[in-house]
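Residue numbers (full-length UniProt numbering), protein chains in the order written: chain A, 1 to 304; chain B, 1 to 428.
Just to be clear, a hint being listed does not mean it is correct.
What the hints assert, rightly or not - Derived CB-CB ranges, DEER-like:
(1) A/T70 x B/C338: 36 to 46 Å
(2) B/F32 x A/A133: 23 to 33 Å
(3) A/K243 x B/K141: 53 to 63 Å
(4) B/K233 x A/D47: 35 to 45 Å
(5) B/K215 x A/N132: 29 to 39 Å
(6) B/D27 x A/T178: 33 to 43 Å
(7) B/E307 x A/A133: 19 to 29 Å
(8) A/F66 x B/E387: 55 to 65 Å
(9) B/R127 x A/A133: 23 to 33 Å
(10) A/F66 x B/C338: 51 to 61 Å
(11) A/I284 x B/P122: 13 to 23 Å
(12) B/E29 x A/Y229: 36 to 46 Å
(13) A/F63 x B/D27: 32 to 42 Å
Note that these hints are calculated values from the structure, not bench results. A virtual CB, placed ideally from N, CA and C, is assigned to each residue, including glycine.
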Amino acid sequence: MQLPTQAIVENKAINTSEDAESSNFVDHQHEWEINAEHTLFDLKLRDTWEYRDLLWLLVRRDFVSFYKQTILGPIWFFIQPLFTTLIYTFIFGMAGIGTDGIPRPLFYMAGVTAWNYFADCLTKTSTVFRDNANIFGKVYFPRLIMPLSIVISNLVRFGVQFLLFIGMMLYFMLQGATIQPNVYILLFPVLLLLMAALGLGSGMVVSALTTKYRDLAFLITFGVQLLMYASGVIIPLSATPEKYRWLIRANPMTTIIETFRYSFTGQGTFTWEAFAYTTVFTLITLISGIIIFNKVEKTFVDTV
Amino acid sequence: MPVAIKAENISKAYQLGEIGTGTISQDLERWFARIRGKEDPFLRIGETNDRTTKGNSDIVWSLKDINFEIEQGDAVGIIGRNGAGKSTLLKILSRVTSPTTGRITGKGRIASLLEVGTGFHPELTGRENIYLNGAILGMRKREIAYKFDEIVDFAGIERYIDTPVKRYSSGMYVRLAFAVAAYLDSEILIVDEVLAVGDAEFQKKCLGKMGEVSKGEGKTVLFVSHNIAAVRKLCSKGIYLVNGEIDLSGNIENILNKYTSKFSSNTSWQGMDGNTEIVIYESIIRPITDIHHTDIEEYWATSNDYEIIVKFEIKEVIREIGIGFNICTEIGDPIVRCFFNDFNDIQTLNVGTYLCKFIIPKYNLANGKYNLIFDISLPSINKINSEKINLAFQLYSKDTKGNRYNAESVATFNSIVRPNWFEDVIAV
C-alpha cells in the first residue's frame, strides 16, 4: 500500500511544479461575473489591455494578408493616393480653386493622405460587427480590440502614404517652391492621435447603430464623401466664402487637415482655438463611441 | 468541492421573425416603457420555447429561470433535443451573448470551444494561425510560444506548419484548430459539438484529451453533445434541458436514462396499452422479402424491405383517428413522418381488431440507428402517450449500394435519407 501512495504524491509534486510554471501566464483564481445588467461607464480598458497580444497579431494578419499573392505588394498602398492627387490636380486645377500658394499636387496630397486615414478608420470601424459576426458569435474577447486593430492596421497604410507625401515635399523644395516646415510639426503625433480617435469614435457610434437597423450603413459612404468636401481637403479654409466658413470650421477634420498642411508647408490656417475645439470634440466622440460600443457588444450577436 | 460556476435565474429571450421596419415601433415602445421605469411590455408575454407549436408573440424564451451550480472538477454533460437551449446556455457562459435576466458567477479562466478554428485566416500559415487563434482564445503570446511544439505535435501537421492553411485538407485544419484549443490553460472548458468533425481516430484523441483535462487535471468541463456514448464516458453529471428549462440535473446515468426512456431498443413489442377507446396489442418492425444479413449482428441490411405492423382494437367507433409514426435519429430528431390516411380518405374505424401495416422500401434510409416513435392520436384526447410501443432498429449496408460514398468517412455525405432516385444516364 505504501508504494502507490508514494507514487501519487510524487506525481502530484510534478504536477504542481508544472502548474506553477504555466500559471505564470494566467491568473487562475480570477473571479468573473456574467450579468444581465451592466454599468454604462465600464469602458473595459483593463480587459482590453490583457488582450494586447491579440491586437498586434490582428494587425499583422491584416498587413500580411493584404499583399499575399500580389506581385507589387505594399506598392499598392501608393497607387490610390497618387491617382486621387493626379485627378484632383487636373480637375480642380482647371476650375482654378486656390491652394494657399502651395504647389497643387502637394496641396492635394497632404489633404488626401490625412483624409484617407480618417475615412478608412471610420468606414472600416463602422462595419466591424457585421464583418466579424462569425468570430464574435463564437469566442469572447474584448470587442474593442477589433476596431483598435483596424485603426492600427490603417496606420501602416498611412505611414506609406505619408512617406510618399514627404518625398513629394522634398521634390518641390528642390524645385525651389516656397515650402517652410515649421515648429508646428511637433503637433504631428497629436494630429495622428486625433485622426485615429475621431475615426474610431465615430466609426464605433455608427457600428453600434447599424447592428439592428442597417439603414445608416448606406448613408456612410455618401456621408464620408460629403464630409470630405467640407473639410479643406480640396478647398482651403482661406478660400471658402465667409458665409459658409463656420460650417467648414465645425467639421473637426478641417482643423486637423489645415494644421497638418500648415506645419509641413508653412501655408494655411492655424488657430489654437480651433485646435482646442477639435480636441474636445474628438474626446467626446471617442468616449461616447466606446460606451455605445460596449453596450451593443453584449447582445449584438442576437440581432446582427 | 468549491463551486466553479453558479448560475442564478438565467433567462434569455429572443425575438422571432425578421428585423425591419415592423420592429422599430416595438423597440420604441420598449424604450418608452423603460424610461418610464416600467417593465418591458414584450418580455412579459413571452412563452416557453416549444418550436412545434405556434406562439402568440414574437418574443420567445430560449432559456427560462435556469439555476445550477457546478463544482470544480466536475465534467457536466448538457443534453436535450435540438432547440432545447443548449447552445444558448453555452453562448451565455462563454460571454458571446448576454442573458436577458439573471447572473452567473465563477472562478477561473474559461476556454470555450463553440467552434474550432475561429478566426483562422486562410492566407496565413499554420504557424501564424496558431498564434492568432491562440490569442483569440485568450492566450498570451509567450504562452503560445511555450506550448507551440506540443500543439504542433498533437495536431500532427509538422510538415505543413509553414504552409497557408487554405492548402490544408479539412481534417488537418480541424486537427490544428482543436490542438490550439486543447492546450489552452483554463480552469473551465466549454465544448460544443465540435467533435462531430474529423476522423474517428482524431475524435478519440480529442475525447481522450478532454477526459484527461477533467479527470487528470481536475478541471471543470461542460460538454454539449448528441453523442450519448461520449457523454456517458466523459461526464459524471448532467443537465437535461427541455424547451429552455431544466428538466433534470445531477447524476449523468439518471439523466441519460430519462433522455433515452422514450426510445426503445426492441424491434417488437407485445402487451396491452391504451384506453377505453383503443387498445394496442402489438407493434413490430421486421425485414421482409429476401432477407440479407450484414457482418454486424444487430444491424439489418439496407437492401431489405421492412414492414411495420401495429395491432390494435377499437372499442368505440372513432372518427378522425390518426395512426402513424416518426422515424427518428438516434437522438430523437424526426426524419420521416408517415400517417395511414395521408394518401386516402379513411376517416372512421368501426369497432373491431385491426392490423395496420406500413412498408419501408429498400435503400431508402442510410446506415444508422433509428428510433420508431408511434403517433396514435384520437380526436378526443390529443395523443395516446404510449412510449411502450416504440421500437428501434439499426441499418447497415451490405454492399456499396446506397452507401457508395459512405457517411462515416465524409461529413458532407452524411444524409440520412438515401433513396434510389436515379433514373438514367444517356449520351446525347
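Now the hints, each set against the structure:
For the pair A/T70 and B/C338, the supplied restraint of 36 to 46 Å is violated, since their beta-carbon distance comes to about 58 Å. The hint said 23 to 33 Å for the Cβ distance between B/F32 and A/A133, and at roughly 29 Å that hint holds. The hint said 53 to 63 Å for the Cβ distance between A/K243 and B/K141, and at roughly 56 Å that hint holds. At roughly 36 Å, the beta carbons of B/K233 and A/D47 sit within the given window of 35 to 45 Å.
Range check, B/K215 to A/N132: Cβ separation about 36 Å, and the 29 to 39 Å hint holds. At roughly 58 Å, the beta carbons of B/D27 and A/T178 sit outside the given window of 33 to 43 Å. With their beta carbons about 49 Å apart, B/E307 and A/A133 fall outside the hinted range of 19 to 29 Å. The hinted window of 55 to 65 Å between A/F66 and B/E387 holds, with their beta carbons roughly 60 Å apart.
One distance hint, 23 to 33 Å for the beta-carbon pair B/R127 and A/A133, holds here, with the actual separation near 27 Å. Between A/F66 and B/C338 the CB atoms are about 56 Å apart, so this pair conforms to the stated range of 51 to 61 Å. At roughly 40 Å, the beta-carbon separation of A/I284 and B/P122 lies outside the given 13 to 23 Å, and the hint is violated. Between B/E29 and A/Y229, the C-beta spacing of about 40 Å keeps the proposed range 36 to 46 Å intact.
For A/F63 and B/D27, the hinted distance range of 32 to 42 Å is satisfied, since their beta carbons lie about 39 Å from each other.
Checked against the numbered hints given earlier, this structure breaks hints 1, 6, 7 and 11; the rest are met.
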